[in-house]
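Engineer: Here the protein sequences come in this chain order: A and B.
Under this note's numbering, the first residue of the first sequence is numbered 1, with each subsequent residue one higher.
Under this note's numbering, the first residue of the second sequence is numbered 1001, with each subsequent residue one higher.
Derived from the structure by calculation, the hints contain no laboratory data.
Just a sample of chain A residues kept apart from chain B, beta carbon distances all over 12 angstroms, derived:
id	residue
1	LEU8
2	PRO36
3	GLY37
4	TYR41
5	ASP77
6	LYS84
7	GLU88
8	GLN129
9	ALA134
10	SER175
11	THR195
So the derived list for chain A, only partly shown, Cβ under 8 angstroms to chain B, looks like this:
id	residue
12	GLY19
13	HIS101
14	VAL104
15	PHE117
16	ASP146
17	ILE153
18	ILE154
19	ASN157
20	THR160
21	ILE188
22	ILE189
23	ASP214
No farther apart than 25 angstroms at their CA atoms in a straight line, the calculated lysine to any residue pairs in the SDA-like style are these:
id	chain 1	residue 1	chain 2	residue 2
24	A	LYS47	B	GLN1172
25	B	LYS1126	B	ALA1197
26	A	LYS180	B	LEU1121
Positions of the beta carbon are idealized from the N, C-alpha and C atoms, including for glycine.
Letter by letter, the chains look like this.
Protein chains: 2
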Amino acid sequence: MKTRDRILQGSLELFNTQGERAVTTNHLAAHLSISPGNLYYHFDNKKAIIRELYDAHQQQMMALLKIPEGRPFTITDKAEMMEKLVQELWSHQFLYRDLEHMLVEDPELASQHRLSFKIYLDYALKIHQALADAGLQETTEAQRRDLSYNAWIIVTNWITFIRCNVLPDTEQTLSPALIKRGVYQVLIIEQAFMTPAAVKEMSLLAQTYYTDIDALLLRDPTTTDSLICA
Amino acid sequence: MKTRDRILQGSLELFNTQGERAVTTNHLAAHLSISPGNLYYHFDNKKAIIRELYDAHQQQMMALLKIPEGRPFTITDKAEMMEKLVQELWSHQFLYRDLEHMLVEDPELASQHRLSFKIYLDYALKIHQALADAGLQETTEAQRRDLSYNAWIIVTNWITFIRCNVLPDTEQTLSPALIKRGVYQVLIIEQAFMTPAAVKEMSLLAQTYYTDIDALLLRDPTTTDSLICA
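So here's chain A without its partners, still in its complex pose (with noise of 0.2 angstroms):
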């Protein structure tokens, strides 16, 4: 692999495991085995690495969002595009963990990133268009937005959800059928919008994305007394 390749891959596995904030090019360097300068040869900074990484990601969402043409949109899908999608975001997680900050530090970035969002939106606008156009779901322009604003959040920020709520310790990693469950928490939101036809299968489908958390948080907070008290 060329040395270019090697600083992208490793930066975005560094990056999603111990988030961006704390891996400097010198860390970076040092996990790759080659000199900071063989690094600032190929990038000028860790910004630049960065809008790489990002444009990459925004590829990968847009390939992923299209529509399949010559033939009706189908539940199923759907369900393939939301799966497709939480995967994509997970493999580019340390994106969405403090978007913010990347994007005060870099307005370049932030004019691209805002321009994507439309974009995407466009796309998820066109998916609630496909599925009511094949009489599976009855919504209004204004609902498809509403609906469309709450999925990209959930999606965005379901990996940071489960490691800051759910797993017992921030340090663990999820397992697919963790990140998967993400997909399941958008479609019962939408199952609501369905035609009467479609919720029976929206609703089988979304079972098969289901995995349980609450286990994970059933345990009676004993200790809200002291904590109410403190």
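With the hints as your guide, set chain B onto chain A.
Structural biologist: Below, chain B without anything else, positioned relative to chain A:
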């Protein structure tokens, strides 16, 4: 005001506006026109300040999630509770921007947060139960949990969502109307689980929390093609 309280108030302000990551204790001392030594007399480090701000936030959260006693719970109660919740999340927004980092850095805070989340979830389930008891909602225990997870993700990430995706510039602050729209985003999800008698009231109430964000996003993404082919 006592120096200790001034430090807490100034930290909250700087953390919220600039992000905790960008604010050092030296930065903070300069902002308050006190010496770093004076700051360290009151707090061992930034972590200690964060922990105290977290405590105050937790007390507020637990107070506002209490169900009024001695009368049936109403949809207005629910909405007003959500409104206080988004205001409280706004006032301590820095905690939710990169919570994962703060939890990794401070295992004691991590334990406290995981317990807090369980308590908040427990309150959320009780609120859903109170709506059911009042004949306003029909949900299973599993649905109440699913709704609570989604609501938590949406309200705790609403501010960052608006800043990163909707406002033209990350530096811009959110209007009170934009903050309140977070309530609307949750109510429209929960509306689907209300009893027929309660749906209309919920829908009308939700509208009072609505403010248009679409207009900020409706510009045609004309550069889509150039991005796709980049």
